[in-house]
Structures are given as structure tokens and as C-alpha cells.
Amino acid sequence: MTLRLFFHSDDLKANVEVLDCTPHENEFAVVLRATLFHPQGGGQPCDTGWIGESRVSRVVQEPERIVHFVDRPLPLGMTVIRIDEERRRFNTRMHSAGHLIGHFIQAMGWTPIKAHHWPDEGRVQFKPGDGAEEVDAPTVQTGIEQWIEHDLPRLTSLREGAREISFGELPAYGCGGTHVRSLKDLGTVTIASLSQKKGTLSVHYSVD
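Under numbering that gives the first Met the number 0, the first residue of the sequence shown is numbered 0, with each subsequent residue one higher.
Hint data in this document are derived by calculation from the structure and do not stem from the laboratory.
Mixed in with the good hints there might be a few duds.
[What the hints assert, rightly or not] Straight line, CA to CA, 20 Å or less: simulated PhoX-like cross-link-like pairs of lysine-lysine:
| no. | residue 1 | residue 2 |
| --- | --- | --- |
| 1 | 113 | 126 |
| 2 | 113 | 197 |
| 3 | 113 | 196 |
[To be verified] Restraint ranges, calculated between C-beta atoms of paired labels, are given here:
| no. | residue 1 | residue 2 | range |
| --- | --- | --- | --- |
| 4 | 22 | 131 | 45 to 55 Å |
| 5 | 61 | 196 | 31 to 41 Å |
| 6 | 54 | 136 | 36 to 46 Å |
| 7 | 81 | 119 | 19 to 29 Å |
| 8 | 108 | 21 | 48 to 58 Å |
| 9 | 170 | 197 | 26 to 36 Å |
Cβ atoms here follow ideal geometry from the backbone N, Cα and C, with glycine treated the same way.
Required output: the full structure, derived from the provided sequences and hints.
Okay, structure coming up:
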């Protein structure tokens with residue numbers, strides 16, 4: 000099992016060990032003993048960056064390991080990995096903003112069912128629960144902005160071996176993604192629109 004350093008570290012650079020490097024189509028599939036690279040999953044795109052001098056184009060979660068696809072072969076042994084900072088910070092802000100939307104609308108009686116934290120495609124979807132209230136974009140926008148203004152800190156915990164993320168006193172969500180250290184790191188979050196189809200509420204959003 001690849002050790003997920005991003006579960007407990009915000010570092011963007013580390014010394015790690017290359018365990019395997021195998022040709023794969025026009026790339027090379029690399030397995031590390033431990034990684035800072037977040038794989039695609041949980042509604043969040045993968046990190047990109049470098050392993051040594053090899054460019055990482057995509058990162059995939061397999062059942063027992065994380066696989067990094069690079070443009071050139073790597074020798075086994077110790078090397079330096081570097082995360083593309085701009086991409087990581089954007090993905091992190093999108094994911095944390097999605098959590099805030101989930102918290103706010105869940106408090107209005109809706110149940111989060113799916114989230115997609117990709118550039119230009121940010122959305123969180125909900126099913127109505129008992130007593131679900133009417134939701135509109137300005138109300139959600141105001142609520143999110145108040146939490147950001149209070150700069151609630153990120154809290155990471157483990158429950159029965161599963162990683163959970165919360166902000167301040169907001170409820171914790173089980174989550175394997177990356178998140179801002181505190182909410183002012185989000186910058187501006189914009190609730191673009193709300194739509195309902197076949198009982199599903201979709202909240203579309205972006206970060207600047």
C-alpha cells in the first residue's frame with residue numbers, strides 16, 4: 000500500500016523511494032513507497048508535477064497502490080518529488096469550497112449525494128430530506144462568505160481508521176482529498192447557479 004503523505008502533510012516536495020518503473024503505452028508507470036501526489040478520485044482531479052526530472056501527467060489510485068504516469072523512465076531508489084503548486088492549490092480550494100456548500104445546504108434539510116470539484120465544472124448535488132427548505136443562490140453565497148470571513152481552521156482526524164476533514168465547529172466529512180489550512184485561503188467563492196431536475200438539487204460554483 001502506497002503511503003499517502005498528502006493525508007497529513009501540505010508539503011509540495013519530498014524525498015521518496017521509487018519502487019517500480021514499468022513501460023506503459025507511451026509513458027512509464029511509477030510506484031513510490033510514499034507520495035505527496037493526490038490521485039484522481041473523490042471528485043478531485045489528480046496532482047501533476049515531477050518525480051526527479053520526469054514529468055507526472057496523471058496519478059491513478061489502484062486497490063493497493065498509487066500509480067504515477069511519467070514521460071521518461073526512472074531508476075529505482077531515492078529521488079525528489081515536486082507537486083505542481085498552482086494546480087494543487089486550485090484543486091484544494093475547489094474541494095474545500097465544495098465541502099462548505101455541502102455543510103450549508105445540508106443544514107437546510109438536504110442530503111449531499113455527489114460532488115465534482117473540477118475547473119469550470121464545480122458542482123455539489125443533493126437529495127431532499129425531511130423538511131428540506133427552499134434554497135437560492137444569494138442565501139448560499141452569503142452563508143459561505145460568513146464562514147470564510149471567520150477564517151475557520153481545517154481540522155483533520157481519524158474515525159475508525161477513516162480520515163475526516165472539518166472546518167472549525169462544522170461537522171466532519173469522511174474525505175481523502177486535499178484542503179485549505181483555513182477558510183480565508185479559499186479567496187472568492189462564487190455560487191454561479193442552482194438547478195433542480197428529477198428531485199436532485201445541483202449547486203454550481205467556482206473559485207477565483
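Hints and how they fare:
1. 113 <-> 126: With a Cα-Cα distance of about 10 Å, the restraint between residue 113 and residue 126 holds, given a limit of 20 Å.
2. 113 <-> 197: With Cα atoms ~15 Å apart, residue 113 and residue 197 stay inside 20 Å; holds.
3. 113 <-> 196: holds (14 Å)
4. 22 <-> 131: 45 to 55 Å: holds (52 Å)
5. 61 <-> 196: 31 to 41 Å: For residue 61 and residue 196 the Cβ distance comes to about 34 Å; the hint holds.
6. 54 <-> 136: 36 to 46 Å: holds (39 Å)
7. 81 <-> 119: 19 to 29 Å: Taking Cβ atoms as reference, residue 81 and residue 119 lie about 26 Å apart, which means the hint holds.
8. 108 <-> 21: 48 to 58 Å: holds (50 Å)
9. 170 <-> 197: 26 to 36 Å: holds (27 Å)
Going down the numbered hints, you'll see the structure goes against none, and every one checks out.
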